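Visitor: The chain contents come next:
Number of protein chains: 2
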Amino acid sequence: MAEVPAKQCTSMAERKRQLVRDELSEAAVQLFAEQGFEETTVDQIAAAVGVSSRTFFRYFKVKEDVLVEFLGHFGEQLVAELAARPAGEPPLTAMRQALTPLIGLHLEHPEKTLRLTRLLLSTPTVRARYLDHQARWRDELAAVLATRTGAGPDDFRPVLTASIALAAFAAAQARWADLDGAPSFVAMLDEAFNAARAAVQNP
Amino acid sequence: MAEVPAKQCTSMAERKRQLVRDELSEAAVQLFAEQGFEETTVDQIAAAVGVSSRTFFRYFKVKEDVLVEFLGHFGEQLVAELAARPAGEPPLTAMRQALTPLIGLHLEHPEKTLRLTRLLLSTPTVRARYLDHQARWRDELAAVLATRTGAGPDDFRPVLTASIALAAFAAAQARWADLDGAPSFVAMLDEAFNAARAAVQNP
DNA sequence: GACTTTGATGTCAGTTACTGTCAAGATGAC
DNA sequence: GTCATCTTGACAGTAACTGACATCAAAGTC
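Protein sequences appear in the order of chains X and A. Taking the UniProt record's numbering, I'd label the letters of the first sequence as residues 1 to 203. Taking the UniProt record's numbering, I'd label the letters of the second sequence as residues 1 to 203.
No lab work stands behind these hints, which were simulated from the structure alone. Incorrect hints may have been included.
Stated by the list, open to error - Label-pair ranges, simulated between beta-carbon atoms:
(1) Gly36(X) / Asp154(A): 26 to 32 Å
(2) Gly50(A) / Val62(X): 41 to 47 Å
(3) Pro153(A) / Tyr59(X): 36 to 42 Å
(4) Glu140(X) / Leu179(A): 20 to 26 Å
(5) Ala87(A) / Pro153(X): 38 to 44 Å
(6) Gln35(X) / Arg136(A): 52 to 58 Å
(7) Leu179(X) / Glu89(A): 29 to 35 Å
(8) Glu140(X) / Gly50(A): 24 to 30 Å
(9) Glu108(A) / Gly36(X): 26 to 32 Å
(10) Pro124(A) / Pro153(X): 22 to 28 Å
(11) Thr41(X) / Thr100(A): 34 to 40 Å
(12) Lys61(A) / Gln77(X): 33 to 39 Å
(13) Glu108(A) / Glu140(X): 33 to 39 Å
(14) Leu71(X) / Gly50(A): 33 to 39 Å
To be verified - Calculated Cβ distances over 10 Å to all of chain A for the following chain X residues:
(15) Val20
(16) Gly75
(17) Gln77
(18) Pro90
(19) Arg127
(20) Asp132
(21) Thr147
(22) Asp154
(23) Phe156
(24) Arg157
(25) Thr161
(26) Arg175
(27) Asp180
(28) Ala192
(29) Arg197
These figures come from a predicted structure and were not determined experimentally. All residues carry an ideal CB built from backbone N, CA and C; glycine is no exception.
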């Protein structure tokens, strides 16, 4: 009984789709790491999984998304973590706390995360797409913060709180990748948040 | 004597190049506004100016850059303005002050700026590229701030100060475009900066 | 169990962004 | 005038995408 995979709501077809999707992004990251992003064609990725390139584009809007997707759940998860924070917690603190478990999650596979982060930050077209995703996360996070604090639609605080938190995260992430995956991602995140406070304190 | 164009260091050839460049971006913005970004081909832009599409790509690395380029000097100008701020001024205040004259500059052509901003924020590939440029500005601004404050390379404060200022700018810009070019861009910028302060004050 | 419907896929053709290469014309130095 | 440099156009080629259509398998429906 315990063996039967929890069927939840995911149909057979849906799980099949997810499988193809996972294999595609897995193969893509592999190939990107070996040959670089620009040097790898969509045909190669599709061939590695045994599907046509047309199918690839049915799963990912653009080539870049296969990478962003890989860290893709990060956005959703972050929104979920934020929503789960206690209501009384001040916004920026809530953001800071929401980040911790996700970072821990990613650091379970440090080498993979590192390779991925490097690709994400070094290839211009990928980086651009990544930033665009981050902007979407920012807006979703801001929406959650707005409902938490009851801020009106013309209040800038939610967006800026989300922006600051993501900026701190980005800074820590870049530093972490720069130091070849230094052990203390979380410590750097704290440093970054403190730097944000200092930046505003000394106006 | 006063009639003679200040020849400075720009050679004839260089000015000719600048002319082509300007005409290309002018024509591009025109066409984008009429038909949309994706619907306009590089061939059309080039044809409108009377050059080959090959030449277009000698001036702009990618199609998106012709738009970003248009607001492109913004980054350099911002760095210059920041560098010109008095040394004693606190970093975030310096950033805030550096923004004012640039906004004023852009608001000299409100309808043009508005059309451009809309294109910049609404087309995904353009927006992505724009964010990437912003990230580059952020790093340059951070470098200037670091030398101003004497911060070391492992100090997060410069990057975060720049990030926060640009985030405030972006928020104000988005709101401004959303309100069809409301009159008070500068007022909104102040609001956004205050929101950043508030976001950090209530931790 | 036959029938229908739905969804995923492959194939193919076509568009467009972008790049390398080479030859031709303009420009400026001498 | 002549050589060198710079800019451009023409052409060919690659690769990212997209739309249209046929096919095949799984999932109901009766």
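Visitor: Each hint: holds or not?
Guide: For each hint, the structure was consulted:
no.	hint	verdict
1	Gly36(X) / Asp154(A): 26 to 32 Å	holds, 29 Å
2	Gly50(A) / Val62(X): 41 to 47 Å	violated, 32 Å
3	Pro153(A) / Tyr59(X): 36 to 42 Å	holds, 41 Å
4	Glu140(X) / Leu179(A): 20 to 26 Å	holds, 22 Å
5	Ala87(A) / Pro153(X): 38 to 44 Å	holds, 40 Å
6	Gln35(X) / Arg136(A): 52 to 58 Å	violated, 26 Å
7	Leu179(X) / Glu89(A): 29 to 35 Å	holds, 32 Å
8	Glu140(X) / Gly50(A): 24 to 30 Å	violated, 46 Å
9	Glu108(A) / Gly36(X): 26 to 32 Å	violated, 44 Å
10	Pro124(A) / Pro153(X): 22 to 28 Å	holds, 23 Å
11	Thr41(X) / Thr100(A): 34 to 40 Å	violated, 48 Å
12	Lys61(A) / Gln77(X): 33 to 39 Å	holds, 35 Å
13	Glu108(A) / Glu140(X): 33 to 39 Å	holds, 35 Å
14	Leu71(X) / Gly50(A): 33 to 39 Å	violated, 45 Å
15	Val20	holds, 24 Å
16	Gly75	holds, 15 Å
17	Gln77	holds, 22 Å
18	Pro90	violated, 5 Å
19	Arg127	violated, 6 Å
20	Asp132	violated, 4 Å
21	Thr147	holds, 16 Å
22	Asp154	violated, 8 Å
23	Phe156	violated, 3 Å
24	Arg157	violated, 4 Å
25	Thr161	violated, 4 Å
26	Arg175	violated, 8 Å
27	Asp180	holds, 15 Å
28	Ala192	violated, 5 Å
29	Arg197	violated, 5 Å
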